[in-house]
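A.B. asks: Residue numbers (this note's numbering), protein chains in the order written: chain F, 1 to 112; chain E, 1 to 116.
If you're looking for bench data, these hints aren't it; they were derived computationally from the structure. What you are looking at is a predicted structure, and each value in this text was computed from that prediction instead of being measured. The beta carbon of each residue, even a glycine, is placed where N, CA and C say it ideally should be. Just to be clear, a hint being listed does not mean it is correct.
To be verified - Simulated restraints on C-beta separations:
hint, chain 1, residue 1, chain 2, residue 2, range
1, F, Thr71, E, Lys79, 19 to 29 Å
2, E, Arg42, F, Thr26, 38 to 48 Å
3, F, Asp54, E, His5, 33 to 43 Å
4, E, Arg42, F, Asn22, 16 to 26 Å
5, E, Lys79, F, Asp54, 42 to 52 Å
6, F, Thr71, E, Gln45, 40 to 50 Å
7, F, Tyr30, E, Gln55, 21 to 31 Å
8, E, Gln70, F, Lys68, 12 to 22 Å
9, F, Asn98, E, Thr10, 42 to 52 Å
10, E, Val15, F, Tyr30, 21 to 31 Å
What the hints assert, rightly or not - Listed below are the simulated SDA-like cross-link pairs for lysine to any residue, each with C-alpha atoms no more than 20 Å apart in a straight line:
hint, chain 1, residue 1, chain 2, residue 2
11, E, Lys80, E, Val12
12, F, Lys56, E, Leu47
13, F, Lys68, E, Phe106
14, F, Lys77, F, Asn22
15, F, Lys52, E, Tyr102
16, F, Lys56, F, Tyr25
17, F, Lys60, E, Phe106
18, F, Lys56, E, Lys80
19, E, Lys80, E, Phe106
20, F, Lys52, E, Lys80
21, F, Lys56, E, Gln105
22, F, Lys52, E, Gln105
23, F, Lys52, E, Leu47
24, E, Lys79, E, Thr94
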Amino acid sequence: GNSVTQMEGPVTLSEEAFLTINCTYTATGYPSLFWYVQYPGEGLQLLLKATKADDKGSNKGFEATYRKETTSFHLEKGSVQVSDSAVYFCALRRILGNQFYFGTGTSLTVIP
Amino acid sequence: SQTIHQWPATLVQPVGSPLSLECTVEGTSNPNLYWYRQAAGRGLQLLFYSVGIGQISSEVPQNLSASRPQDRQFILSSKKLLLSDSGFYLCAWTPTGGGNSYNEQFFGPGTRLTVL
């Protein structure tokens, strides 16, 4: 079947620390992969995406590389800010499919 | 540009009362539409999705139902709310057409439902 497993939270980091949130997936075929961010009380916003193997998605200093060999799409940022505090969701969309599969979310708190 | 609206933003309802949440999308035609529920501190649970008017797929058996009376309108309903229906309800859409398999979902601002 199709599923996404991401790192359990919560994660607490100091400002300017390096961030990694792990995400691995199981899917038939070659899915598209996404990272979404959710700020308190809001809906989800797309952070970045990758649609084929070895693609790197990037946005606002965040990056993730589609690794087919390890079925992973880990989210990284070199230097986090307090404003990055949010919940992060990894997701996949199966090729030719209408459904999206989300991880359980990882809560990140960045302290000054 | 496309926008997605949800209302109400916040709702407090007694157990056993009915529910109607509405979602509308502007600036696109024939979108795929989705309803998710997010319990406090939890991930997303897909409730329903629709690929066209009157076409609803249910993912989780429960006392909720969905309808799509118009192309860009998606409604979530219940005849009698349960305490366990409390949560944050999110509507989302994706474009259809060529290359749509690579497209992301776009989410609305959500409705916070509290059942007392």
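A.B. asks: Taking the hints in turn, state whether each one holds.
C.D. replies: Structure-based check of each hint:
1. F:Thr71 to E:Lys79: 19 to 29 Å: Given range 19 to 29 Å: violated, Cβ gap about 42 Å.
2. E:Arg42 to F:Thr26: 38 to 48 Å: Hint violated: Cβ distance 20 Å, outside 38 to 48 Å.
3. F:Asp54 to E:His5: 33 to 43 Å: holds (38 Å)
4. E:Arg42 to F:Asn22: 16 to 26 Å: Given about 19 Å between the Cβ atoms, the range holds.
5. E:Lys79 to F:Asp54: 42 to 52 Å: holds (50 Å)
6. F:Thr71 to E:Gln45: 40 to 50 Å: violated (23 Å)
7. F:Tyr30 to E:Gln55: 21 to 31 Å: About 26 Å separates the Cβ atoms of Tyr30 of chain F and Gln55 of chain E, which means 21 to 31 Å holds.
8. E:Gln70 to F:Lys68: 12 to 22 Å: violated (40 Å)
9. F:Asn98 to E:Thr10: 42 to 52 Å: For Asn98 of chain F and Thr10 of chain E the Cβ distance comes to about 30 Å; the hint is violated.
10. E:Val15 to F:Tyr30: 21 to 31 Å: violated (46 Å)
11. E:Lys80 to E:Val12: holds (14 Å)
12. F:Lys56 to E:Leu47: violated (31 Å)
13. F:Lys68 to E:Phe106: This hinted pair is violated, its Cα atoms lying about 25 Å apart.
14. F:Lys77 to F:Asn22: holds (12 Å)
15. F:Lys52 to E:Tyr102: Distance of about 9 Å is within 20 Å: holds.
16. F:Lys56 to F:Tyr25: holds (16 Å)
17. F:Lys60 to E:Phe106: Satisfied, since the Cα-Cα distance of roughly 18 Å is no more than 20 Å.
18. F:Lys56 to E:Lys80: violated (47 Å)
19. E:Lys80 to E:Phe106: violated (29 Å)
20. F:Lys52 to E:Lys80: Violated, at about 45 Å.
21. F:Lys56 to E:Gln105: holds (19 Å)
22. F:Lys52 to E:Gln105: Roughly 17 Å between the alpha carbons, so the hint for Lys52 of chain F and Gln105 of chain E holds.
23. F:Lys52 to E:Leu47: violated (28 Å)
24. E:Lys79 to E:Thr94: Violated: Lys79 of chain E and Thr94 of chain E sit about 28 Å apart, past 20 Å.
Hints 1, 2, 6, 8, 9, 10, 12, 13, 18, 19, 20, 23 and 24 from the list above are not met by this structure, while the remaining hints are.
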